[in-house]
Amino acid sequence: MKKISRTENLYGKLFIAPQLIGMALFVILPLCFALYLSFCDWNLFGSPKWVGFENFRLVFGFDGDVFFKSIKNTVVFMAGIVPLTMVFSLSLAILANRELRFLNFYKSALFMPMITSSVAIAMVWYWLFAPNLGLINYMLELCGITGIGWLTDPKWSKLAVILMTVWQKTGYYFIIFLAGLKGISRTYYEAAQLDGASSWQQFTHITLPQISPVTFFVFVMLVIDVFNMFGEAYVLTRGGPVYSTYTLMMYIYNEGMHYFNLGKASVASIVLILLAGSISAMQFYLSGKWVNYEK
Amino acid sequence: MKNKSEKAKRILSSAILMFASLGMLFPFFWMVKTALMPNKATLTYPPKLIEWPIVFDNFIKVFTSTGLSRAVLNSLFIAVVSTAGVLFFTSLAAYAFAKIRFRRSGFYFGMIFATMLIPSQILLIPMYVLFAKIGWVDTYLPLIVPQVMINGYGVFLIRQFMVGIPDSYIEAAKLDGLGHFGIYWRIMLPLSKPPLITLGVFTFIGNWNNFFGALIYLDSEEKFTLPLLMNIFRSQYTVEWGTLMAGATITVLPLIVIYLFAQKSFIEGIAMTGVKG
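In order, the protein sequence lines correspond to chains A and B.
Here our numbering is used: position 220 in the first sequence is 220, and no number is missing along the way.
Just remember that our numbering sits 295 ahead of the position in the second sequence, which is counted from 1.
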């Protein structure tokens with residue numbers, strides 16, 4: 001190995017210095033501070049007062065209702081958004097994985113929801129879901145279904161958020177799945193066809209195992225997306241009615257920025273990190289069993 | 296026989312994809328259609344697919360009697376400054392990680408990469424406190440500075456590309472008397488256009504759409520960005536559907552234009568993240 005020259009060493013460090021300073025100031029420092037705050041009672045004025053595990057008790061016990069509701073909602077969103085988005089995006093990618101005339105148009109069209117502002121788009125859905133004049137209820141009425149209060153009835157509000165989110169995310173994962181499918185060698189399919197394998201057999205024996213690393217990536221990303229859900233749901237429903245679409249991020253936002261219970265908000269943030277972290281870790285652990293990494 | 300079934304499959308696939316594509320685009324069509332209707336007409340039932348005549352009243356209204364034109368400028372300012380800053384600082388660090396040999400570079404790269412795994416929203420409360428202490432609340436600085444100073448995704452994306460640039464370019468530049476910054480500025484940057492475009496478009500769109508950050512840090516109305524203003528619109532003009540949709544159209548339009556121009560590199564960049572991930 002060549003000796004590292006002094007100027008190289010200096011310039012290298014100089015060029016990465018902004019990123020290192022940024023990491024210290026905007027990641028490590030706040031992370032430690034969040035940990036500290038979760039044991040303190042503080043409303044941004046005066047100085048933080050150490051209260052031990054009081055905040056944890058408050059979050060889990062005293063007003064645990066809202067907190068647990070938000071976790072429960074997050075689980076429901078996950079159960080709806082993750083499988084639906086995966087099924088739609090993978091199916092469309094499989095259909096698009098051949099020579100097609102308007103492929104570029106399909107790609108652009110499917111991807112469009114992803115680039116548009118979540119707030120503006122949530123407003124468009126707010127209009128589509130409108131109870132009396134909205135297009136969705138009008139179309140349902142044509143099929144004989146009337147009076148669904150998408151945004152006013154806690155029974156339907158979650159489904160409204162799920163539908164909007166699936167619409168918004170499908171195109172992005174469609175592109176990722178399509179790239180994965182393109183990476184599968186044609187020869188596998190040709191060999192299978194010679195052996196008389198049906199389309200379904202080809203799908204389960206070639207396609208699924210071959211793209212399992214991509215599927216895994218999509219799965220992890222979607223779970224993280226759901227944990228961080230805020231903007232769309234907030235603009236569409238404001239977390240209501242009666243907290244039926246309240247997410248963990250909304251809890252953190254309201255506790256921290258409206259009531260200035262910084263300790264409680266920090267506790268909720270830490271719970272969010274732990275939940276997201278342990279789910280990701282579990283996914284990585286389980287992935288050993290079904291993800292097919294080959295070099 | 297085989298050709299025939301292949302052809303049938305192709306037609307069926309096209310039909311389904313076309314249906315899905317139009318379904319995806321439909322909300323946009325409905326948005327623009329509603330924006331071009333008089334507010335009163337939106338309250339008639341049943342809704343019509345095409346409305347005639349179209350009027351521009353809603354657009355005139357949002358530009359003249361709301362803070363929209365100001366919010367457009369504010370959003371544009373934040374997005375442009377952030378994008379320029381992110382591109383400069385990430386590519387500088389990426390060059391160092393890709394081509395300069397310095398002590399513990401692998402360790403630092405790993406650390407910066409790992410910051411990507413921390414959901415940024417978790418840092419929200421402590422960051423807010425930090426920025427409140429140094430008087431940055433209700434300025435654009437908290438929305439711009441952190442992403443410029445630490446951007447694991449950007450450093451990673453550009454570094455991966457720069458590693459592939461042959462060292463001979465650098466050797467030649469050194470013989471010509473260029474220093475490290477000269478090599479970065481005159482050689483590496485022009486050669487790294489593809490990842491810079493991908494990152495630039497991503498950053499611009501992300502900042503243009505940034506709702507959460509703006510909601511937390513901005514208080515005074517003249518500093519509001521487009522997503523914040525849209526959020527206010529939703530409460531203010533509850534059933535003035537035409538007005539709401541005109542605002543949404545203005546917010547979405549620049550993104551669609553950028554997207555159509557940068558489409559190819561953008562989609563390729565995303566496809567790459569999936570395959571690598």
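To be clear, the hints were calculated from the coordinates, so they are not data collected in a lab.
All residues carry an ideal CB built from backbone N, CA and C; glycine is no exception.
Some hints could be false.
[Claimed, not checked] Sample of chain A residues lacking proximity to chain B, with all beta carbon distances greater than 12 Å (derived):
#, residue
1, Met-23
2, Lys-49
3, Phe-60
4, Gly-61
5, Ile-71
6, Met-78
7, Gly-134
8, Gln-201
9, Asn-228
10, Lys-264
11, Tyr-285
[Said to hold, decoys possible] Computed list of lysine-lysine pairs in DSS-like fashion (alpha-carbon distance at most 27 Å, straight line):
#, chain 1, residue 1, chain 2, residue 2
12, A, Lys-49, B, Lys-559
13, A, Lys-72, A, Lys-13
14, A, Lys-182, B, Lys-428
15, B, Lys-335, B, Lys-304
16, B, Lys-559, A, Lys-13
Evaluation of the provided hints:
no.: 1; hint: Met-23; in the structure: violated, 5 Å
no.: 2; hint: Lys-49; in the structure: holds, 15 Å
no.: 3; hint: Phe-60; in the structure: holds, 18 Å
no.: 4; hint: Gly-61; in the structure: holds, 21 Å
no.: 5; hint: Ile-71; in the structure: holds, 15 Å
no.: 6; hint: Met-78; in the structure: holds, 15 Å
no.: 7; hint: Gly-134; in the structure: violated, 8 Å
no.: 8; hint: Gln-201; in the structure: holds, 16 Å
no.: 9; hint: Asn-228; in the structure: violated, 6 Å
no.: 10; hint: Lys-264; in the structure: violated, 10 Å
no.: 11; hint: Tyr-285; in the structure: holds, 16 Å
no.: 12; hint: A:Lys-49 to B:Lys-559; in the structure: violated, 54 Å
no.: 13; hint: A:Lys-72 to A:Lys-13; in the structure: violated, 46 Å
no.: 14; hint: A:Lys-182 to B:Lys-428; in the structure: violated, 51 Å
no.: 15; hint: B:Lys-335 to B:Lys-304; in the structure: violated, 47 Å
no.: 16; hint: B:Lys-559 to A:Lys-13; in the structure: violated, 35 Å
When held up to the earlier numbered hints, the structure conflicts with 1, 7, 9, 10, 12, 13, 14, 15, 16 and fits the remainder.
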